[in-house]
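Asker: Residues per chain are reported as follows:
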Amino acid sequence: MRRETLLNAAILAGFLALPLWAWMADEPFIITLTTRAAILALAGVGLNLALGLGGLVSLGHAAFFGIGGYAMGVLAFHAQTYTPLTEAPFLIEGTKSMPVIWLVALITSALAALVIGALSLRTSGVYFIMITLAFGQMFYFFMISWPAYGGEDGMSIYLRNGFPGLNTLDPIQFYALCFVLLAGALWLVSRIQHSAFGLALAAARQSPMRVTSVGIRPRSLHLLAFTLSGAITGLAGALFADLNRFVSPTMFSWQTSGEIMVFVILGGVGRLLGPVLGAAIFIAMEHWLDGVSDYWHIYLGAILLGMVLFARGGLIGLIAGREVAHD
Amino acid sequence: MTEPVLQVRGVSKSFGALTANEDVSLDLRPGEIHALIGPNGAGKSTLIAAISGALTPDAGTVHLAGRDLTGLDMAARARAGLGRTFQISALAMEMSVLQNATLGALGGQAFRLFRPVMRDAGLRQVAQSALARVGLQGHARTRTADLSHGQRRQLEVAIALTLAPRAFLMDEPMAGLGLEGTARMTGLLDALRVEAPILLVEHDMDAVFRLADRISVLVYGRIIATGTPAEIRQNPDVRRAYLGEEASP
Chain U
1025 MRRETLLNAA
1035 ILAGFLALPL
1045 WAWMADEPFI
1055 ITLTTRAAIL
1065 ALAGVGLNLA
1075 LGLGGLVSLG
1085 HAAFFGIGGY
1095 AMGVLAFHAQ
1105 TYTPLTEAPF
1115 LIEGTKSMPV
1125 IWLVALITSA
1135 LAALVIGALS
1145 LRTSGVYFIM
1155 ITLAFGQMFY
1165 FFMISWPAYG
1175 GEDGMSIYLR
1185 NGFPGLNTLD
1195 PIQFYALCFV
1205 LLAGALWLVS
1215 RIQHSAFGLA
1225 LAAARQSPMR
1235 VTSVGIRPRS
1245 LHLLAFTLSG
1255 AITGLAGALF
1265 ADLNRFVSPT
1275 MFSWQTSGEI
1285 MVFVILGGVG
1295 RLLGPVLGAA
1305 IFIAMEHWLD
1315 GVSDYWHIYL
1325 GAILLGMVLF
1335 ARGGLIGLIA
1345 GREVAHD
Chain R
689 MTEPVLQVRG
699 VSKSFGALTA
709 NEDVSLDLRP
719 GEIHALIGPN
729 GAGKSTLIAA
739 ISGALTPDAG
749 TVHLAGRDLT
759 GLDMAARARA
769 GLGRTFQISA
779 LAMEMSVLQN
789 ATLGALGGQA
799 FRLFRPVMRD
809 AGLRQVAQSA
819 LARVGLQGHA
829 RTRTADLSHG
839 QRRQLEVAIA
849 LTLAPRAFLM
859 DEPMAGLGLE
869 GTARMTGLLD
879 ALRVEAPILL
889 VEHDMDAVFR
899 LADRISVLVY
909 GRIIATGTPA
919 EIRQNPDVRR
929 AYLGEEASP
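As they're listed, the protein sequences go chains U and R.
Everything in the first sequence is counted per our numbering, starting at 1025 for the first residue and increasing by one.
Everything in the second sequence is counted per our numbering, starting at 689 for the first residue and increasing by one.
Source of the hints: derived by calculation from the structure; they are not laboratory data.
Here a beta-carbon is modelled for each residue, glycine too, at the ideal position from N, C-alpha and C.
Warning: the hint list may mix true and false statements.
Residues of chain R placed beyond 12 Å of chain U at every Cβ, according to the derived structure [claimed, not checked]:
1) P692
2) G769
3) T773
4) F802
5) D808
6) R821
7) L867
8) A879
9) V907
10) T914
11) T916
Some chain U residues judged to face chain R by a derived CB distance under 8 Å, without partners named [what the hints assert, rightly or not]:
12) R1215
13) I1216
14) H1218
15) N1268
Here are a few chain R residues that sit away from chain U, every Cβ distance over 12 Å (derived from the structure) [claimed, not checked]:
16) Q695
17) L706
18) D746
19) T749
20) E868
21) A871
22) T874
23) H891
24) Y908
25) Q922
Please model the entire structure based on the sequences and the hints provided.
Answerer: Written out as structure tokens, the structure is:
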């Protein structure tokens, strides 16, 4: 427990120190790279709530990531073309304001997660994996065949969206926003983990019958966890789109779902900072190994294999040891 | 005449051509241990499932303290006051013993997302006194997977206790226990009946005859006799069923 706390602090300190150093050394690319890691970490923190705490192996989280991305894309697209989203029954205009976009991303992805969860949670195990995958693919092909928002080509947003009082085009300022959201999500997940809900959710993963027999329905727990999880991943999607100033159906692809899951497994399933460490290492490997070989994924695959076979707690588990039951 | 706490009336359940329960009725009165015995395949598990809400019977009703439970699911029945233990321990193995007990103390109210649950003094009080009751007070911080088999059975009872149930439904609490464990569990159940009556399914006949105020015998899905241990011991139908002579006229 102590060691994990130290490790967590070290990881977060790294996420503060690296961009700060890059800012002073005038290395904007490093800042952008860290921003990317922080945003993908946020997506992983979302998934970890379902996968780690709830034991729900979702291979469809790209759906929420993509919905968040398109929430940003659609709103900003209408704002930059000065066309309203809809005029009837009442006028809805686009926006370039990040807080509004985030709110829309959170709400739409939460609603999608609620509906997908309500349908998917009727199944479990491998069927749950397949049905979430299927929902993800449905969104993917839907977006490809929707020409109004770029279809297969996606949409470019020419200017990054604004945040009151900040210049979001300055990499370090945009990074600060992303880091604050990541820290906020981590705080929220940590609160949930130690709450009555977190206790029941973890118990439902280990023994559904135990939870039922004390008067709690596992499926209600799972549905709430899945919805919150989808909302956090959706927020990450909105940030990711803003980072790239571009959205495309790729955000909905199953590879995206897979990558988010890789962050969680690499770092440690169910460990608070697991997806953060996982995303950082993924991005680092992607950056450095890509220079060594085009086929850098083979190294990632080998590491992942070793992780799954020999270190079930991921990197965090490897360093900090088995999770200790909180008294 | 006191009103029974748990009332099972006319429960029938078939699986295809197989009749698991046929018109089963039984009562659980305040302060009693009512044992349900019967040979393997007699339909005990089906009856327990029908009472606990794990499966829906084809016919029949279940009332707990005057409230109709028919049609409620397991979670709702647990909240209504049915404290259950399992034949095979159902516990959150990676959690501490105290966490398992705290889970029961929540009383079905799990949708609180912010307050740290293990620092809630009220819940801790309920959980710890239940652990003390079964003799696990020294193991509150132990990981549940590290408990012995007998201690896990005790923890099951403790969790059921945290629900402050109106009736206990215990499915073979002695299963797999040694002599010492059985003796401890027998003592525990003996004291527990004053808190809430116990419907006890058990294979250990010594324990059953020592503990039970009344015994019901289930054979081929029907209750063939209900009575005090002495009556059951002398009942010719029961003797025939247990000696395996059902086939003879």
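Asker: Hints first: check each against the structure and report whether it holds.
Answerer: Status of the hints after comparison with the structure:
1. With a least beta-carbon separation of about 22 Å from chain U, P692/R lies farther than 12 Å from that chain, consistent with its non-interface assignment.
2. Not every Cβ of chain U is farther than 12 Å from the Cβ of G769/R; the closest lies at roughly 9 Å, contradicting the non-interface assignment.
3. Against chain U, the non-interface label of T773/R is violated: not every CB pair exceeds 12 Å, the least being about 8 Å.
4. Not every Cβ of chain U is farther than 12 Å from the Cβ of F802/R; the closest lies at roughly 5 Å, contradicting the non-interface assignment.
5. With a cut of 12 Å on Cβ distances, D808/R falls inside the contact zone with chain U, its closest approach being about 8 Å.
6. Remark: the non-interface label on R821/R is consistent with the geometry, its nearest Cβ contact in chain U lying 16 Å away (cut-off 12 Å).
7. For L867/R, the requirement that its beta carbon stay farther than 12 Å from each beta carbon of chain U is met, with the minimum near 28 Å.
8. Every CB of chain U lies more than 12 Å from the CB of A879/R, the least distance being 22 Å, so the non-interface label holds.
9. With a cut of 12 Å on Cβ distances, V907/R stays outside the contact zone with chain U, its closest approach being about 28 Å.
10. In this structure T914/R is separated from chain U by more than 12 Å, as the shortest Cβ-Cβ distance comes to about 26 Å.
11. With 12 Å as the threshold on Cβ separation, the claim that T916/R sits away from chain U holds: the shortest Cβ distance comes to roughly 30 Å.
12. A cut of 8 Å between beta carbons decides the hint on R1215/U: the least distance to chain R is about 5 Å, and the hint holds.
13. This hint holds: I1216/U has a C-beta 5 Å from the nearest C-beta of chain R, less than the 8 Å allowed.
14. Given hint, H1218/U at the interface with chain R, holds; its Cβ is 5 Å from that chain's nearest Cβ, closer than 8 Å.
15. The restraint placing N1268/U at the interface with chain R is violated, with a minimum CB-CB distance near 33 Å, outside the 8 Å limit.
16. For Q695/R, the requirement that its beta carbon stay farther than 12 Å from each beta carbon of chain U is met, with the minimum near 21 Å.
17. No beta-carbon of chain U is positioned within 12 Å of the beta-carbon of L706/R; the least distance is around 24 Å.
18. At the 12 Å boundary, the C-beta of D746/R stays outside the reach of chain U, the nearest C-beta of that chain being 22 Å off.
19. Residue placement check: T749/R keeps its beta carbon more than 12 Å from all beta carbons of chain U (closest about 21 Å).
20. Remark: the non-interface label on E868/R is consistent with the geometry, its nearest Cβ contact in chain U lying 26 Å away (cut-off 12 Å).
21. No beta-carbon of chain U comes within 12 Å of the beta-carbon of A871/R; the shortest separation is about 26 Å.
22. T874/R, annotated as away from the interface, keeps every beta carbon of chain U farther than 12 Å; the closest lies near 23 Å.
23. Every CB of chain U is more than 12 Å from the CB of H891/R (nearest about 21 Å), matching its label as outside the interface.
24. For Y908/R, the non-interface assignment is confirmed: its Cβ lies about 28 Å from the closest Cβ of chain U, beyond the 12 Å cut-off.
25. The claim that Q922/R lies off the interface holds: its Cβ sits roughly 37 Å from the closest Cβ of chain U, which is beyond the 12 Å cut-off.
Comparing the model with each earlier hint shows violations of hints 2, 3, 4, 5, 15; every other hint is respected.
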